[in-house]
Every structure is written in structure tokens, then in C-alpha cells.
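Chemist: Model the full structure from these sequences, guided by the hints.
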Amino acid sequence: MPSPRSPGKNRLSRDTWLDFGLAVLRDDGPQALKADPLCKRMGVSRGSFYWHFDSAGSFALAVLERWESIATDQIIRAIEEAADDALARLRLLLTNVGELDIGLYQAINTLGAQDPGAAQVLRRVHERRVAFVANLLAGLGFDAAEAATRAQLIYAWAMGELLTREPGRKAFSAAQIDAVERLLMRR
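Just so we're aligned: the sequence shown equals residues 0 to 186 in numbering that gives the first Met the number 0.
Hints were generated in silico from the structure; no laboratory data involved.
A couple of the hints might just be wrong.
To be verified - Per label pair, the in silico range of CB-to-CB distance:
no., residue 1, residue 2, range
1, 56, 18, 38 to 44 Å
2, 46, 84, 50 to 56 Å
3, 49, 186, 52 to 58 Å
4, 181, 13, 18 to 24 Å
Claimed, not checked - SDA-like, lysine to any residue: derived pairs with alpha carbons at most 20 Å apart:
no., residue 1, residue 2
5, 33, 55
6, 33, 65
7, 33, 105
8, 39, 15
The C-beta atom is built at its ideal place from N, Cα and C for all residues, glycine as well.
Modeler: Below, the structure is given as C-alpha cells:
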């Protein structure tokens, strides 16, 4: 992986470190999120790392929070801006979720199994995503309890499908999305 360091810059930005951390996490797993090897790969001193992060642990948590922003906050915002009705938003959400980077998601789950702070971020992300889907289902007329149950099922299906899909397939098929709609989004 090439170094993301820009010529002529002595200090890397926090965002540069976090983006690099996401790439390293995806490609090399959570064990690679250590200051010394990261600094070597970036071609900078450890001071550049410690300028922004107190420890490798705080860096890993910041990387997860960056992932939360990209893979949850930004997706939710985009869905809300792109479609007006709940059903269209749900279908668009499944289309977007089907394009998530599964390698990164697997590495994040591994990190969550190893670190309580990471597990807390992962739990928060899952809860926020399920709540978003439940809110959309409530917009289709389901009561709160039914919306929550169906949201959990939709989320579990989507995550399971991501984890077990054929290598190289980048999205859920229209037939899959139609089936989820028929089974879980209709009254």
C-alpha cells in the first residue's frame, strides 16, 4: 500500500491517519493498528502519531468512530436526502448496504471481539442502524414492537448476507431486495 503522505508536509492530519487506519484495518487486521509499524509505513516519526492519539488503543477507537461516521451517519443522511417515502428509503438502504466493504466489516468485528471499547462502538452502530430501519418501518404503518422485530430481522439478514456472499459480488441482487420487501416490509 503506498504511503498517503503528501510531499512537503511534516505532520499528517488526524483525518489522514484515520483514513490510513481504516485501510490498514481492512487489509491487515486489527493487530496492525500499532504506532511503530504505522509510522514506518507512513514514513513519519512516532511524534506524528502521538500528536493526534494518546495510544494505539485510542487510535483504534478513533478509526472505528471514523468508520461509524462513513458507514452509518453518512449512509443514513444520504438515504434521508435521496428518497421521500419509507419504502423507497428502505430499498435504497439495502442497495447501499449491499455495497459495504465486507473485509473492513470482518476486521471491525474481530477488533470488537478483542477490545471492550471497540465492542461498545460496534454495539452502538448496530443499535443505531436497527433503530433507523425500525423508524422507516414505523413509517410504513407497523407499530413500534413489530417495526423493531422486523428491523432486527432485516439487519440480521443484511449482515449475514454480507458475511456469506460469494467473493467478488458487490451488491444485493434486485431479487433479494424484492424478497426482503415482500417478506418483511409489507403488511
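Chemist: Could you run down the list of hints and mark each one as holding or not?
Modeler: For each hint, the structure was consulted:
For residue 56 and residue 18, the hinted distance range of 38 to 44 Å is not satisfied, since their beta carbons lie about 19 Å from each other. In this structure, residue 46 and residue 84 meet the distance hint of 50 to 56 Å, their C-beta atoms being roughly 52 Å apart. Checked against the hint of 52 to 58 Å, the C-beta distance between residue 49 and residue 186 comes to roughly 55 Å, which is consistent with it. In this structure the supplied range 18 to 24 Å is violated for residue 181 paired with residue 13, their Cβ-Cβ distance being about 45 Å.
A distance of roughly 5 Å separates the Cα atoms of residue 33 and residue 55; the hinted pair therefore holds under the 20 Å criterion. Proposed proximity of residue 33 and residue 65 is supported: the alpha carbons are some 17 Å apart, at most 20 Å. With a C-alpha separation of about 19 Å, the suggested pair residue 33 and residue 105 falls inside the 20 Å cut-off, and the hint holds. With a C-alpha separation of about 15 Å, the suggested pairing of residue 39 with residue 15 holds against the 20 Å cut-off.
Checked against the numbered hints given earlier, this structure breaks hints 1, 4; the rest are met.
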